[in-house]
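K.L.:
Those sequence lines, one after another, are chains A, B and C. Every number in my numbering is 27 more than the matching position in the first sequence, counting from 1. Here my numbering is used: position 114 in the second sequence is 105, and no number is missing along the way. Every number in my numbering is 919 more than the matching position in the third sequence, counting from 1.
In case anyone wonders, no lab produced these hints; they're calculated from the structure. Treat the numbers as computed from the prediction; the structure is a model and nothing was measured. Be a bit skeptical, because a hint or two may be false.
[Stated by the list, open to error] Think about it this way: if two alpha-carbon atoms lie no more than 27 Å apart in a straight line, the pair counts; the simulated DSS-like pairs of lysine-lysine are:
#  : chain 1 : residue 1 : chain 2 : residue 2
1  : C       : 1075      : A       : 147
2  : C       : 1530      : C       : 1388
3  : B       : 6         : A       : 271
4  : C       : 1306      : C       : 1239
5  : C       : 947       : A       : 148
6  : C       : 947       : A       : 170
7  : B       : 6         : A       : 147
8  : A       : 36        : B       : -3
9  : A       : 250       : C       : 1267
10 : B       : 77        : A       : 46
11 : B       : 82        : A       : 222
12 : B       : -3        : A       : 271
13 : A       : 276       : B       : -6
14 : B       : -6        : A       : 222
15 : A       : 147       : B       : -6
[Claimed, not checked] If we take Cβ atoms under 10 Å as the criterion, some of the chain A residues that face chain C in the derived model are:
#  : residue
16 : 119
17 : 172
18 : 176
19 : 180
By construction, the Cβ of each residue, glycine as well, lies at the ideal position given by its N, Cα and C atoms.
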Amino acid sequence: MMEALIQLKIKRQDSPDSKPYWEEFTLEHKPSANIISCLQDVARNPVNRSNQTVPPVVWESNCLEEVCGSCTMVINGRVRQACTALVDQLQQPIVLEPMSKFPLIRDLQVDRSRMFENLKKVQAWIHIDGTHEIGVGPTIPEKQRDKSYVLSECMTCGCCLEACPQFTLTNNFMGAATFSQVRLFNMHPTGAMEKEERLEAVMGEGGIAHCGNAQVCVEVCPKNIPLTESIAEIGRQTFLQLLKNLFLK
Amino acid sequence: MGKFTKGQIEYFLLKLHSLTGLVPIGAFLILHLSLNALRTVGVLPYQLSIDALNNLPFLIWIEVSVIYIPLLFHSIMGFYVFTIAKSNVFKYSYPRNWMYTLQRVTGGVVFVFLVYHVGTTVAPKLWFGHHLFDAAPFLIDVMNDTFTTWTGRTIYLIGILSATFHFANGLWGFCISWGIVIGPQAQRNAGYAFMLFGLVLSVMGIATVVEFSLHPVSVQPTFGGTS
Amino acid sequence: MAKRTKRFIVIGGGLAGLAVTMKLCEAKAEVLLVSYQAVKRSHSVCAQGGINAAIDTKGEGDSPEIHFYDTVKGGDFLAHQPPVRDMCFQAPAIIHLMDRLGVPFNRTPEGHLEFRRFGGTLYSRTAFSGATTGQQLLYALDEQVRKHEHDGLVTKMEWHEYLGAVLDADGVCRGAVLHDLRTGAIFSEGGDAVVLATGGPSQVYGKTTGSTVCNGAAAMSAYLQGAKYANGEFIQIHPTAIPGQDKLRLMSESARGEGGRIWVPRQAGDPRDPLTIPEGERYYFLEENHPLFGNLVPRDVASREIHDVVYNQKLGVGGKSMVYLDLTHHTEEYLEDRLGGILDIYQKFTGDDPKKVPMKIFPAVHYSMGGIWTDYEDDGHGLIDHKSPRNQMTSIPGLYAAGEADYQYHGANRLGANSLLSCIYTGLMMGPGLINYSKNLTRHYEDIPTTVFSQARLNWEGRFQAIKKMKGKENPHQLHQELGEVLLAHVMIVRENSKLEKAIIQISDIETRFSDIQCLDTSDWANPEPSFVNQLHLMIHLAKIIAKGALVRNEFRGAHYKPEFDLKQPPKFDPHEFVDYLEQQQYGETDESAFPPDHQAYMKRFEENNKRWLKTTIAQIKNNQPEISYESVNTSLVTPRPRKYD
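If we strip away everything but chain A, and leave its shape as in the complex, we get:
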């Protein structure tokens, strides 16, 4: 049903060490409004339901077309991107909360550096001899390319981690996104040359063994990345690596 007004209920917090509080806003309904446009409207007229002028809500956004991963937040209890959250498809009042598994910066903004640090731990890159001209890249079957492409669409948004019961604010679990990247790079002909180093990394602290197979990651992934398949594949690769470490070294 089309509502004439939009009711927003936002969990706000001024700084990492201050207390969170709820603030409500009433906005005029506009066609094809999404959560981003609502927050923009709040910024244009930052007056809450009690008619007090307040500082505009702080949140993170960039591309607004679900390829950058910035505007991830918890909307009506579910983690997703604010840009694809259409108001007409949401139950009101719409409740916005910051992601709970990452250190809070302010309001709906969190710090997802942990995800990028994990990419360093697993060497999520391809070692090259240099950027100078040394001819064509490796020949790759289209079928394999197709598989890599799906994994390579991961925008480090953090949905899979926010929804993962094994991933918490205080532990060191790497999570589905990282394992999927390990699989991506191990799959590439050149990337496979550092396969062992990557596997050793996920066989360490916070690694693959912590996965509890709750499989929520794959349900909430906005890019439909086969994360549970990646986890099983890395499970196999690490198991074989373990055998190699135990019996062949």
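Position chains B and C against the provided structure of chain A, taking the given hints into account.
P.N.:
Below, chains B and C without anything else, positioned relative to chain A:
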């Protein structure tokens, strides 16, 4: 040696946790439930199976190394795994997340049940003195007593069903984390297969409980009390 | 003596910023990489189509030379030719490098790179990676830079904002003033050179296909410090975008390729459900006005027609700025098979199923061909001397620009799939020049008095304190929206001098109202409001540059369409006639009868127009206003000639 990092040790222990769930604990569960199910065939085969087990040479060593140590290790690691995570099944109510949560809950339930079960069936051995103790009549009496009340029956039903769920679902998880089944379709199929497997184990357990409850029969020591 | 480590500051973590960072690290230099947010979230991810390189894997006879010709022709000859030619010659190596970095480019059955055709060329020249080529390219560079970060050469300052360059007494750039967007701290950093790889300025138009960080602020800050800004009025419009409350998202041209029909109700403001409007009451304006090409007219023509129908004929759907792009005459199965992916995007963002109801679309601001003026040094053979420190340097020594932030590669109009190329190309190409610039320096930033750095910091601290004290009536976000509306209404697809004059007055009004702004949040921690106010101030300057540049340039070139000055190409004119005409002139054999009289007259008009207007627009700040001047364009390689659209 001695060069292992904390992370590597943790990985190894978690893998061992996963493995001990399958062998020996899972294997023992299958054995235990199937031998107990002999009770539904008749009390004698059941009694003979108890005798056979209790007369194994080096029994205590087998029990300690194949059951108690792995079980204790699996439990301790289980509690560790339990404490580092936080279920969110009410927020993200997907079937697999329910299974995940139940896996942890049933793990706890089985642990408590086992304390009770071992306490009432095995521990008495310690104060009877092994040479004076004949397992079968004692155990069958304990069971007969337990299953006269609904409390006892309920405790056992919960214990058995938790154990079979924990094992069957654990097997499914094992297949994924060790990379035995990989694709989404394969994972789904494995899920159904293990569900069926769990169902078979559960039926065996339930049937045994029902048999004990309906037909309590006491027995005499097989070898006339002289061992 | 220990060898001095070179240190550079790169602002912006899109394709250009990451490419130059990678290149500098390879030369063992240290890089401070500054970005509003995690570099992996930069606007480059939005590019869908692909990246051009004339590798000619299909035996079509394509070559970098033809790529070069297509590019300068597409840009209506307004681009300097040696840099463009160099870019096109480097393109194959760039694709192979990106391929080696792991970009999952689509493959042929044999496992080689696949190429497809794109607008503005006859060759299959566009390598692509699914529908997210930009994202894939960016990730590959992000990964390489992360490796250098891991190895200690790169220090990332994400969640930081570039405020301005630190200029020494000689006006040489010695570093940058940065703003920590979390703590609010403002500080100076020294470097051998500063690279602005800060992307396009589309936010000045409000709602566009650009990302929220594409505000052109860094470029404008450089402009306010004296840097030249070039070709600002050349803004590319994409004809089919999905109107949204927050932004405009591209609807791929393939929707029209698959038979999509563009129409509006004949009756203005018709409130009926589009499906109930009978055929006779629908105005298929592209099909009526262009019987031959119908809905598949080139992008600029389509944009102009839609603009005309909505603004002049006032026939926009429901009285609003949109027209229908209708696919509902096809079966759902057909559409799912042919256009599934892109129709999902429409549904995802509008909630409507384009298989059941006509899509509502409107042209949107997409790309700025203009940008910070940058230099180049040609090698005398029609290419660039890659070792020269002049390459990509702005008019401020030591301050460089790359990517969409610079102006050099697209002339008056950008060819599809050339933007990703120009970003990576500039980033990679400028690396050796930057290293040489650092080598050639007689004094380094360490030798500059610290007061230079502290003064720069103090200036910006003062500026931000003043912003925080602004307690007027105007809401900065509201004002930003209004600024965008002014530009969208008057400095868009069709440009008329009377409207441009009006726009300049309205921008000036907004500038006046700006001084009555209220800074909505004065706290220190993670407060984006003061930054936004500063950015808005810079966007107002950019609006003035665009509007004034457009007003002064009395011609029709590329994306800058002024109907009043359209040279009216005769319908049967062949551009080769002009080449013959020039040849005759050169040999003094002018034969008036060789060409039809109207062609002859047109070619004369064309020649005269080029003499007057084939020039780079340069804007420089003077008395708070852009002062417009013109510089000649290097057309030494291909003779500029009329473009023909068929």
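K.L.:
Which hints from the list above does the structure break, by number from lowest to highest?
P.N.:
2, 4, 6, 8, 11 and 16
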